Amino acid sequence: MQPAALVPYECDALLAFRERPLCVVLPESQEEVVQVVRLCHHFGVPFVARGSGTGLSGGSTPVPGGIVIAMNRLNRILKVDVEQRFAVVEAGVVNLDITRTVASRNLLFAPDPSSQPVCTIGGNVAFNSGGAHCLKYGMTSNHVLALKVVLPDGELAFLGSESLESVDADYVGMFVGSEGLFGIALEVTVRLLPRPETYRTVLAAYRSLQAAGDAVSQVIAAGILPGALEIMDHLSIQAVEAAVHPGYPTDAAALLIVELEGEQHQVEAEWRRLESVLKASQPYLLKAAQNEEERLKIWKGRKSAFSAAGRLYPDYIVQDGVVPRSRLGEALAEIERLSQKWGIKVANVFHAGDGNLHPLIMFDGNQPGSYERAEELASEIIDVCIRLGGSITGEHGVGMEKRRFMPRQFGPAEIACMNATRDAVDPKRLANRGKRLSEEFTSAHTLVGAHPLERAGVIARE
Amino acid sequence: MDAIATTAIAELQGLVREHRRVHVCGNGSKHVSPLSGYVALSTAALRGVIEYQPSEFVITVAAGTPVAEVNALLASHGQYLPFDPLFVESGATIGGTIAMNACGSERYRFGGARDFVIGVRFIEGNGELVRGGGKVVKNAAGFDYPKLFVGSCGRLGLIVELSFKVFPKPEAYASLRVSLPSLEDALALLPKLTNCPYDLNAVDLVMENHTRTTLWVRVGGIAEALPRRMDRVRALVGSGEVLSGPEEEHFWNDMREMRWMESGDVLVKVPLTPRWIPALDARIARWKRRYSVGGNVAWIATPSLAETDAALTSLRLSGLVLRSQAPDPHIGYRPFNPFAERIKRALDPLNKFG
Ligand SMILES: Cc1cc2nc3c(=O)[nH]c(=O)nc-3n(C[C@H](O)[C@H](O)[C@H](O)COP(=O)(O)OP(=O)(O)OC[C@H]3O[C@@H](n4cnc5c(N)ncnc54)[C@H](O)[C@@H]3O)c2cc1C
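If you're matching them up, the sequences are chains A and B in order.
Residue 90 in my numbering sits at position 90 of the first sequence; the count goes up by one each step and never skips.
Residue 171 in my numbering sits at position 171 of the second sequence; the count goes up by one each step and never skips.
Rather than coming from a laboratory, the hints here were simulated on the basis of the structure.
If you're wondering where the values come from, they're calculated on a predicted model, not measured in any experiment.
There may be inaccurate statements among the hints.
[Said to hold, decoys possible] With beta-carbon atoms standing in for the labels, derived distance ranges:
| hint | chain 1 | residue 1 | chain 2 | residue 2 | range |
| --- | --- | --- | --- | --- | --- |
| 1 | A | Ser104 | B | Ala223 | 31 to 39 Å |
| 2 | B | Ala223 | A | Glu376 | 47 to 55 Å |
| 3 | A | Gly247 | B | Asp254 | 50 to 58 Å |
Glycine included, every Cβ here is placed at the ideal spot set by N, Cα and C.
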């Protein structure tokens with residue numbers, strides 16, 4: 001490959017981190033991936049698997065002196081079993097292609113990241129990606145039945161089975177969300193769900209963000225379990241309206257999208273309850289989609305929020321922190337305060353039902369120091385999430401971006417355990433080196449003994 | 001966690017450090033007995049709800065807490081653990097439920113224990129106390145130890161504490177009961193049910209004798225919608241009797257407690273898919289058995305573990321013994337898993353947990 005041809009592989013959708021790979025390999029078969037991994041292991045060359053490069057945390061950014069294994073040509077759907085509701089696909093298959101393939105049989109692959117027309121199932125597996133519809137049926141991990149993986153030294157492992165149940169520790173669950181540190185997924189067996197019979201999608205517009213947040217708590221407290229529960233704030237509504245014209249009320253301080261899904265009579269009954277809860281939350285506008293076209297329009301707006309934000313400012317950082325759902329209001333107030341303190345605009349779109357925030361921190365990369373300031377603000381938002389008992393990332397992964405925050409969320413024992421786990425799977429630390437975990441070879445983890453006072457039961461480590 | 005529990009954890013850590021071989025047990029509801037040469041570690045002192053704010057739909061409990069206590073507390077707020085823990089009335093603890101991955105028929109609807117556990121605290125083989133996951137429903141930071149411990153059978157570490165996401169509890173249930181002349185008839189109906197968009201809570205097959213099969217379909221949700229939903233399920237199946245109230249509850253409760261077994265029999269769980277059922281059934285038709293979770297689990301009540309082991313091995317199916325004095329709960333096909341070996345080496349390098 002010519003040097004210029006390597007440029008597209010220098011980073012993922014987080015442009016701040018860049019690195020020129022030694023080379024890029026485009027395997028045509030699973031066997032070729034295995035061979036490449038074996039060679040890397042033999043020569044001690046670090047490797048990074050890459051799907052479509054839509055990751056938002058620098059997960060598929062190359063490492064210095066390392067190679068990129070691009071999985072996109074492994075894009076065959078190997079098997080669809082309609083009756084038993086599963087499909088076996090190669091890791092480079094695009095998320096939406098699974099649903100497209102089974103749609104005529106009224107089935108779907110539930111995880112729906114906004115990037116689903118391009119991102120790969122391998123990337124989804126690495127990050128345990130989610131989407132707007134995770135409230136009821138979960139994230140990628142909840143829809144993966146089995147995996148064929150190549151471990152970082154080239155050994156093959158088969159995890160899970162076609163059954164929903166298992167008699168082993170959940171190694172599938174352990175591999176999913178490991179950000180490529182445990183090796184490369186070659187084949188993924190995904191569970192398919194019957195397509196919901198009916199949807200009820202409603203938009204509620206509020207004069208304050210707080211009011212929309214309160215409405216979320218009330219919907220949940222009423223015992224209603226929607227398929228999706230999303231909020232967008234004023235700034236993101238404006239951006240989206242300008243970009244794709246979904247017909248959102250542009251004067252709203254906050255928009256709440258609630259979608260019920262499922263069996264017709266159950267949804268009708270849920271809808272009657274939802275409507276009265278929402279009315280009591282005093283939105284100034286309540287608009288239910290009257291048909292599939294209107295429903296898709298609502299979702300088009302929500303799903304293009306990230307790309308639309310690019311219209312407001314040349315650059316932005318997407319944060320992905322999580323807070324306990326009952327503390328959403330507090331978190332939003334804090335973000336607003338920080339935004340004012342730094343004089344930096346922050347647009348908010350989030351998976352409200354899960355407590356998963358996506359503040360979009362706007363800046364202009366051409367102005368010196370503006371990226372650094374945006375990063376500082378992002379770091380303070382992360383601290384808020386940790387302080388409220390949440391997490392630094394809900395679905396975008398740690399990657400390179402949030403690696404430095406790991407010790408804020410986890411204690412030394414936790415970090416030591418993660419390092420020990422990783423070192424047992426990949427002693428040479430070749431698979432996605434430099435992501436999620438720091439590279440200091442410090443841990444004398446397994447040798448640590450108890451303090452004499454601990455043995456005596458006087459003190460305990462928390 | 002209160003002072004007693006903190007001391008209890010420190011004591012357990014000390015025991016793990018001191019002893020060469022340890023065996024974790026909850027309340028013994030699954031009757032898996034310790035191996036000789038192993039020191040038994042009981043989680044009985046780790047009891048109680050640690051954190052529960054109903055509006056958060058998340059609960060954190062100590063591992064030795066009886067599931068019945070957790071269920072009762074959740075139910076008083078209209079919530080539940082959707083994975084349908086087994087042996088609740090026999091005193092199962094929440095830690096044992098997760099370690100053995102003991103989920104019942106209704107895990108069909110929203111998922112198994114793996115789909116609801118979001119946090120775990122455990123004692124590693126070196127005695128360290130480690131936290132994995134957290135108390136929020138979405139969390140992509142760190143490895144997914146909470147899921148890993150589901151089905152770990154006590155071999156990766158001692159579970160001290162667990163956090164779950166919970167759901168609103170269906171306010172009412174109804175079931176359709178259909179008696180069918182043969183297993184083949186039941187299996188022919190199965191895909192109709194598992195592929196329909198009616199949001200079924202459970203789909204089970206009860207083998208009455210060699211062939212006669214009763215199909216049970218459970219639906220839960222808002223009470224006012226149930227009659228019409230049941231009409232639709234009945235129309236789809238073509239026949240059957242709609243049940244609600246005590247008789248309906250009784251059936252599912254007996255399923256959960258496995259009261260259909262003969263005393264003296266051993267219970268074996270076999271994960272599979274519907275396509276495997278005819279071949280398996282041909283080999284085990286002399287025993288009591290049920291096919292649950294839409295044909296994804298076979299429950300076999302067997303008087304002979306050796307014969308069950310042989311039957312499973314011949315089909316390359318794996319089994320887990322849930323009620324026996326057998327030293328190793330795994331029977332049947334046991335493929336080598338290099339990933340599992342490595343994870344074990346990381347968490348329990350001295351092989352203390354067996
Ligand atoms: C506009 C936009 C919207 C987005 N919306 C969402 C959203 O709603 N929800 C969400 O969760 N994410 C979202 N994302 C983030 C991103 O799309 C997801 O993380 C996605 O899963 C990445 O897939 P990818 O194929 O692009 O992977 P890449 O970015 O190429 O890689 C991601 C990670 O996966 C690893 N990897 C890739 N393939 C494999 C494999 N076969 N085996 C092992 N590891 C592998 C890489 O090394 C890297 O660490 C969005 C991104 C963009 C740009």
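Distance restraint hint 50 to 58 Å, applied to the beta-carbon atoms of Gly247 (chain A) and Asp254 (chain B): holds, 53 Å
Outcome for the supplied range 47 to 55 Å, where the beta carbon pair is Ala223 (chain B) and Glu376 (chain A): At roughly 53 Å between Cβ atoms, Glu376 (chain A) and Ala223 (chain B) fall inside 47 to 55 Å, so the hint holds.
CB-CB spacing for Ala223 (chain B) and Ser104 (chain A) relative to the 31 to 39 Å hint: holds, 35 Å
Hint compliance for this structure: no hint is broken.
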